[in-house]
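Engineer: Single-letter residue listing:
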Amino acid sequence: MTSTLAQPSVARPRFRPNRLDWASFLGTGATRLATLLIAAILLVILGNIIINGWPYLSWRFVSTGAASDMFDVQKAGILPMIYGTVARVFLMTILVLPAGVLTAIYLTEYARMHSPFTRIIHGAINNLAGVPSIVFGLFGAGFFVRFIGGSLDSVLYPGKTATIWGQPALLWASATLAVMTLPVVIVATEESLRAIPQGLREASLALGASKLETIFKVVLPQAVPGIMTGAILAISRAAGEVAPILFTGAAYYMRDLPRSLHDQFMDLGYHVFILSTQSPDVDKTRPLLYATVLVLLILTFTLNVVAIFVRASMRRKLRMLS
Amino acid sequence: MIHPPLSRRSVGWMGIRRGHRAKPLEWLAEKIIFVVSLTAILMVFLIFIFIGREALPIIFGRMNTARTQKTIPPAEMGKMSQAQLCDYLGLTKDQYAAIDHDTLKTLMELKVEAGADSSHSKDAAVNSAQWRYLLRPYQWDGHPTPEYIWQPVSKVPKYNIVPLIVGSLKVTVIAMLFSVPLALAAALYVSQLARPRVREIAKPALELLAGIPSVVLGFFALIVMATILQRVFGSESRLNALCAGIALAFAVIPVIFSIAEDALSSVPRSYIQAALALGASPWKAAAQVALPAAVPGIFAAVALGFGRAIGETMVVLMASGNASIISANVFDSARTITATIAAELGEVVFGGAHYRILFLIGILLFIVTFITNFAADTIMNRLKARMEGRAK
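Quick mapping for you: the protein sequence lines, in order, are chains A and B.
Mapping the first sequence onto our numbering, position 148 (from 1) lands on 148, and the numbers just tick up by one.
So the number in our numbering is just where the residue sits in the second sequence, counting from 1, plus 1000.
Quick caveat, the hints were computed from the structure, so don't treat them as lab data.
One should not assume that every hint holds.
[To be verified] Label-pair distances were calculated between CB atoms; the ranges are: (1) B:Glu1026 with A:Pro221: 37 to 47 angstroms; (2) A:Leu33 with B:Ile1371: 27 to 37 angstroms; (3) A:Phe309 with B:Leu1278: 22 to 32 angstroms; (4) A:Pro116 with B:Phe1048: 17 to 27 angstroms; (5) A:Ile148 with B:Thr1227: 37 to 47 angstroms; (6) A:Ala39 with B:Asn1127: 48 to 58 angstroms; (7) A:Met320 with B:Val1198: 49 to 59 angstroms.
[Stated by the list, open to error] In silico DSSO-like pairs for lysine-lysine, Cα to Cα no more than 27 angstroms straight-line: (8) A:Lys317 with B:Lys1384; (9) A:Lys317 with B:Lys1203; (10) B:Lys1203 with B:Lys1155; (11) B:Lys1031 with A:Lys217; (12) A:Lys284 with A:Lys75; (13) A:Lys217 with B:Lys1203; (14) B:Lys1031 with A:Lys160; (15) B:Lys1384 with B:Lys1203.
Computed from a predicted model, the values in this text were never measured in an experiment.
Don't be surprised by glycine CBs; every beta carbon is placed ideally from N, CA and C.
So that you can see chain A by itself, here it is in the shape it has in the complex (with noise of 0.2 angstroms):
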């Protein structure tokens, strides 16, 4: 219609000042290396570790047991510290869920939002957010290993002097870790919860479903993928994790698997720890723990890339239901 309107130079005016103005530029420009340089290094952590991890990477190397040489180039293998880690983060999975979604449960459909009560909890789950990790190591410890673990001993083997319980073990750190990831699981869930319109429960308690139901058939099933985000957040935060498990059920060497709750196991973060310090000969061992720090970070970022895609398309979803 209006063609000379459409002319290049006019679909997309500027208003460009006469003369270059320096702050402008400079600023933008700095703000913006700031941003490549942060990119950079990721790009060169990520790098550095793919490109050196990746030729000694195997199915041998991830498939078999740990040597009784553990920097043994030829022959240590991570399976052990695959297994103990996998073990400890489902066994704190299972532990952290309920606590985390109830909580939200609460926070989201009872507590009223502004109480002083509401505010405690929600200071509280900061806080816990921002414990460092080796303050929580030292809490398992003191709590869980010996005080909880101290009084099982003497309630279930009275009389015995042999420590089981009480004693750095899987359920420990798994619990340890809980404790640690509880506020990532409560966060991700009431955000989900709150995501979800208010016209869904008004509709389902006027058809007569009491408060409990509407929760539990109606608006939980809605919030699957953002508690599942905030699992699979949580469970990668815990697979790195090595400070809270270092006094809670880390073992240095075991020969064996572990086989019951209070066994220690042997740990993939923990490990890269090991090889990284107390190698006896850093070059030779070299391939060994790139090719560790590389299966760890897959593991880790896997969950991540899962959580932010599972978020990214549950907000899109969301957005278009509003």
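Starting from the structure of chain A, add chain B where the hints point.
Structural biologist: What follows is chain B alone, placed relative to chain A:
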């Protein structure tokens, strides 16, 4: 904000409201939900109590590491009560119950020997687990001046925690100097200046950086970065505070970025549009309108970043060199609170002075992060309330 008065019935106990009359089982289920929701509060309390419990004897000065107490000849063992014996030999009740009479006698004899052995050194009489020796310098035997020394494994254990606090602060400050400008600049760029496409790439990338386990960052600093830094700066020790600080910055950048970016993005769009309409360049709108409006959020971001940096363990344990030196030189090695706990708790005598001092610095760390978190939380809440109030 004024709430309409709510009747007691409609609110119920502790804020549980129900739309429909609940059946007994549902009543129980709702109570269970409420009780479980207290877990987070309970855990914060338990952390404080159970770490504090182990540190209590130190806090009240009831531990004694001095080795020349008056020695008691083993023959007089029968005259002492159980509590006296425990105290004298430094045993807990459980340990006391676990050992038999002969072992006890041997322990008494050892004590006498040790007393005779060390009585000529004046340091042996020092109870180094007292506050005075934890915090203030002391002139130990063979040292020309009073010094702050952390040397828990030696003939006379020295537990001065000042070098650890200085080490933690030093590494943290280095990390903040690198991470704060970078993360804030990136947050400003991504939230205000970049095209939406850049934003869609940058945010997940930062999440990936946050997802790198700290032990991997520590490994990277130890194996790759330390060598490069030493080659560039020619520093004496390969592992030093600078190396640990930079690696720590990688861990802190995502924390500061994500919170600062949130704060900057939640500045009402109309502010920016108004500035642009008045002729400001996008940079001016971002730096002079959006940034000041988001200052509380940015402050919270920096506070949380600080908390994360001072509490980070594996990176500093692997990259800082772990020598407890007090110095302002960034190329000297440093020992932090977190690394000390991680490195030493596995090897201490359970219930001893060293063990309890490690819990003491643990509770110190907990309190510091508690305060920074609380500050950040309060600021964020106020900001949120202001934003919501404005939206109305």
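Engineer: Give a verdict on every hint.
Structural biologist: Quick rundown of the hints versus the structure:
no., hint, result
1, B:Glu1026 with A:Pro221: 37 to 47 angstroms, "18 angstroms, violated"
2, A:Leu33 with B:Ile1371: 27 to 37 angstroms, "34 angstroms, holds"
3, A:Phe309 with B:Leu1278: 22 to 32 angstroms, "41 angstroms, violated"
4, A:Pro116 with B:Phe1048: 17 to 27 angstroms, "20 angstroms, holds"
5, A:Ile148 with B:Thr1227: 37 to 47 angstroms, "44 angstroms, holds"
6, A:Ala39 with B:Asn1127: 48 to 58 angstroms, "55 angstroms, holds"
7, A:Met320 with B:Val1198: 49 to 59 angstroms, "24 angstroms, violated"
8, A:Lys317 with B:Lys1384, "26 angstroms, holds"
9, A:Lys317 with B:Lys1203, "19 angstroms, holds"
10, B:Lys1203 with B:Lys1155, "53 angstroms, violated"
11, B:Lys1031 with A:Lys217, "19 angstroms, holds"
12, A:Lys284 with A:Lys75, "13 angstroms, holds"
13, A:Lys217 with B:Lys1203, "34 angstroms, violated"
14, B:Lys1031 with A:Lys160, "39 angstroms, violated"
15, B:Lys1384 with B:Lys1203, "22 angstroms, holds"
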